[in-house]
Amino acid sequence: MKKILFLAFSFISISAFAQEGEQDYGQIHGNFQTNAQYYLRDTIIDPLGEAFPDERLLAAGFLNLTYTKGNFMAGLRYENYQNNLIGLPEGFKGEGIPYRFIRYKKEGLDVTVGNYYEQFGSGLIFRTYEERGLGLDNAMDGVRLIYEITPGLKAKALVGRQRIYFETGDGIVRGGDLEFNLNEFRGDYSTTNLIIGAGGVSRFEQSQDPIYNLPENVAAASLRANFITGDFNLFAEYAYKSQDPNSSNRFIFKPGHAIYANGSYSHGNLGIILGYKYYDNFLFRSQRVGNFTELLINYQPPLAELHTYALPALYSYNVQANGETGVQAEIAYKFDRGTALGGKYGTLVNLNFSNSYALDKNFTERVNSIGDTVISGTDGYEDWAGVGDIQYSQDFNVEVKTKLNKKLKGTFSYYNFIYNRSALLDGVIDDLVSDPNNLDIVYVNAMVAEILWKIKPRHSLRTEAQLMLTDQDRGSWALLLLEYSIAPKWFFAVQDAFNYGNPDEDLRVHYPLVSMGYTRGTTKFQLNYGRQQEGVFCVGGICRVVPASNGFSMMITANF
Amino acid sequence: MMKKIIFYLLSLSLVLGSCDKIEPGNYVIDRGGNPIDTTTQDTVLKHVVLLEEFTGVKCNNCPAANARAKELQSIYGKENLILLGIHAGNLATTDDKHPKAFNTPEGTELFSFFTLFGVPVGFVNRVDYPSNGIVKNENAWASTIAAEITREPVARITLSEDSYNNANMTLNVSGSVATQPNFTGSDIKICLYLAENGIISPQTMPDKTIDPNYEHNHVFRGSFTGTYGKSIDLISGTNTFSESVVLPADAVKENCEVIAFIYDSSTYEILQTAAIKI
Amino acid sequence: MNTPFFKTLVLLLSLTSVAIAQDKIPNIQLKDLSGNMIDANLLENDGKPMVISFWATWCKPCVRELNAINDQYIDWQDESGVKVVAISVDDSRNSSRVKPFITSQGWEYEVYLDENQELKRALNVNNIPHTFLIDGNGEIVWQHNGYMTGDEDHLYELIQKLTRGEAISE
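Protein chains in written order, with my numbering: chain Y, -19 to 540; chain Z, 347 to 624; chain V, 66 to 235.
The shape of chain Y in the complex, shown without the other chains (with noise of 0.2 Å):
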């Protein structure tokens, strides 16, 4: 603790400095958080109080710090976690500086000594980057060289370990990855140009495991290719994983693919996206055995679009680790004011349609030293499975947006969902499938009006109104928000939540919600009082799950 006042002060100091003399100090940022929570003891959401902490109050907060100085950069992040939030991992717990570099940048070589973040191509074989809201950063602890070897062609080298909570994880990773940008090399910038990329990742755990003879190095590569042209954008990735088994996929020996490619066309009042995605055992982490977000090293673009609104956002897509296959298609239209459909100020229509289904496996099994039929210690199931019969998830949704007079935006959008619930919340997929005409599938059509009023300068009401209707899982539900605001500074909220087609009669209740909040420059508080209802917090294709909670929640963030 004393360490780190020293080093605040040393900082304040050296800025202070860069503020008098003429000689350039070198400037220092930085940024600060904290989310503290205070729980009270709610018998109606959480009976048996399972998800009610012992300590009552919970906090998390860091301080980012960073120093700069012409081709110099260095930083660190200091978290504190006292304990961390409910839902959140608990491997967070104490305090202490878990990410800190020094950063160097000359003639096309740019070298960093420390934490970094770092992605090659869509992420398929190497991403490290940091979400607070799901607890995850798998930040790399090692060295990383970017050298721009000629313009147009980009080389990057990196070895280290990744993090995990306050610790490192046992398994080295070490990347290497090649970019040549078409546009860059010609030293011509047009609107035409071809990005195409090579890279590879491959990691080292040792093994003493009793009953496999377990790959001590697992590699990862991948080819993809970019071209762009003034309407058309096509990007296609294919990425390889050599033998990797793992806790995941039950130990089974069988390499993996990966297909992510996406397509689109934007001209005009008209935009149009084509995806698709094919996963097959691409789950790649730096140690064999991790739960949940831990020491992931790749990360498998969901091709699912992300819900905000409350009530949708309870049926969100997580990418299943084991392997997957999907389409999406989205349809953008603007329709120009004074048209029919435009309306007088002009109308923005939007369609989406994803979906997600498992692969059709054909698991070879083996007895075991036991006498148990297991499929672990074999090749799994065979190369390139096709598309499988079980459905992992549907989504169809509309939006439509307009302006219907001076002082009212309306935006209108209706959702219909098929989602497995089986696979996505319980993790019953592939061989833990033991009759597939009786998983859990939860179908929802979902309404939601957003209108946004300015009543006056500086005063607004935005108001939700959403409705979502199932017969299955929880039920329908019934959301209303109203939000006012007094530009720059405040805003208050209130808002309720009515679960009134809970098929258990006593969890037919309300989560209602109060907040307030103000702003004032880059300083922000926040405080909220009331019932969240359980559900899915998401980013990226990647979930946790927020149990029921009923307090007070507070936050502050602030940048200097």
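Bear in mind the hints are in silico, worked out from the structure with no lab data behind them. Nothing here was measured: the structure is a model prediction, and the numbers come from that model. Among the hints, erroneous ones may be present.
Claimed, not checked - Listing some non-contacts, in silico: residues in chain Y with all C-beta distances to chain Z over 10 Å: (1) L20; (2) I25; (3) F42; (4) Y109; (5) L114; (6) F207; (7) L214; (8) H237; (9) L487; (10) V525.
Stated by the list, open to error - Pairs of lysine to aspartate or glutamate residues, derived as EDC-like cross-links and limited to a Cα-Cα distance of at most 16 Å, are as follows: (11) Y:K469 with V:D218; (12) Z:K554 with Y:D410; (13) V:K125 with Y:E444; (14) Y:K387 with Y:E430; (15) Y:K136 with Y:E159; (16) Y:K49 with V:D88; (17) Y:K73 with Y:D34; (18) V:K185 with Y:D410; (19) V:K185 with V:D88.
We treat Cβ as the ideally placed atom computed from N, Cα and C, and that holds for glycine.
Let chain Y serve as the given structure and place chains Z and V on it in line with the hints.
Here is chains Z and V on its own, set in the frame of chain Y:
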């Protein structure tokens, strides 16, 4: 510049080339059906490993962990790897589909003392306590057991059943702990736990269905010496103990066994374990 | 509550008033929608004010903010010559997804991709939307986090101050 590209591509292929390929047929280590150590003579002393797996009747991931533990026991041999299943936590509670849950005050106390939050997890000789690594998931058991089992034994525990009173279901056992010359460790405590095999009771399975006839083995049913055991003085090299326990009303004595272990109360590391059937 | 933690809190809140960040955009590379690499520190508007806004396709307040500005962008440009640069921090959804989104919203901003969120981190951005106002000399004179309807009017008042040559003191 061409040379630089070729050099870079070569080094990239090094990364790709650095993957180990295991040939089919070689995936599983061939033991010819024999456990690792076939010597079963009582006189050969070994460092016995205790695997305590925390589990629950409503926990759908637990049967797989259980199977893993059994598989490891079949490889190392029952006299070298001792299993104990402690039912604790929210998933070890009864409801209309699970009439029995096997949770015990001692098990629940261990669950909260070591701040566990879910099952299945386990302890292998309770190693790695200070660094928070004591909690191991089932895939980490194999490598930890492999490391522990090769250690030199530091003590010998002998254990025997003295008497059993059928009327009040009281069991008396006694035994002794004899240290080896290489023994180190202070503040030693001894624990005697009672475990029962062959209990048929509903258990939630991986696909969330319930198997009404699941066989629960090595279920922790109670302690002779409280949750944390009793202090035992080993400075003089040998010490004896004598303890008793009342069996739970529904326990079947013939299916029970007694597990005794000594541990260092500052690091919580278990130094030697022994078990007998009663 | 943990007292050392609380003390740090107090220290940091006082820090925010002490340190005045008179600085420029760092030297980080961004990609435009055709895959061309642009140096962020070379973004400029010919001596006139510039707005840099970090957004993502999934961030509703971000989209609302940029839509609200878009409604008045033509007038803003006529009066003050301001340029709005929208930097997307969408995850590996590369330019092939961002471009149709922009076409459908009808935005006329310069749009760049901060693919690995490097510029976002270097500029100390925590949550989005986060908007910066840069004066004619390339210095960051104001920044704001979050968006409430009406914030764009306040932003425009500050832009007008800059065009009149006044200093911004908040």
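Right, here's what the structure says about each hint:
The Cβ of L20 of chain Y lies farther than 10 Å from every Cβ of chain Z, with a closest approach of about 20 Å, so its non-interface assignment holds. Distance check for I25 of chain Y against chain Z: the nearest CB is about 15 Å away, which clears 10 Å, and the non-interface claim stands. A cut-off of 10 Å between C-beta atoms confirms that F42 of chain Y is not in contact with chain Z; the least separation is 20 Å. No beta-carbon of chain Z is positioned within 10 Å of the beta-carbon of Y109 of chain Y; the least distance is around 21 Å.
For L114 of chain Y, the condition that its CB be more than 10 Å from all CB atoms of chain Z holds, with the nearest at approximately 18 Å. Once the 10 Å rule is applied to beta carbons, F207 of chain Y is consistent with being away from chain Z; the minimum gap is 21 Å. With 10 Å as the threshold on Cβ separation, the claim that L214 of chain Y sits away from chain Z holds: the shortest Cβ distance comes to roughly 24 Å. Annotated as non-interface, H237 of chain Y keeps its C-beta farther than 10 Å from every C-beta of chain Z; the closest such distance is 15 Å.
Remark: the non-interface label on L487 of chain Y is consistent with the geometry, its nearest Cβ contact in chain Z lying 17 Å away (cut-off 10 Å). For V525 of chain Y, the requirement that its beta carbon stay farther than 10 Å from each beta carbon of chain Z is met, with the minimum near 12 Å. With a CA separation close to 13 Å, the supplied pair K469 of chain Y and D218 of chain V stays within the 16 Å bound. For a cut-off of 16 Å, the pair hint linking K554 of chain Z to D410 of chain Y stands: about 14 Å separates their Cα positions.
Taken as a hint, the K125 of chain V and E444 of chain Y pair is honoured in the structure, with Cα atoms around 13 Å apart against an allowance of 16 Å. With a CA separation close to 14 Å, the supplied pair K387 of chain Y and E430 of chain Y stays within the 16 Å bound. Taken as a hint, the K136 of chain Y and E159 of chain Y pair is honoured in the structure, with Cα atoms around 9 Å apart against an allowance of 16 Å. With a C-alpha separation of about 11 Å, the suggested pair K49 of chain Y and D88 of chain V falls inside the 16 Å cut-off, and the hint holds.
Note on K73 of chain Y and D34 of chain Y: the hinted pairing holds, with a Cα-Cα distance of about 15 Å set against a maximum of 16 Å. Between the alpha carbons of K185 of chain V and D410 of chain Y the distance comes to roughly 39 Å, so the proposed pair goes past 16 Å and is violated. In summary, the hint linking K185 of chain V to D88 of chain V is supported, as the alpha carbons are separated by about 15 Å, within the 16 Å threshold.
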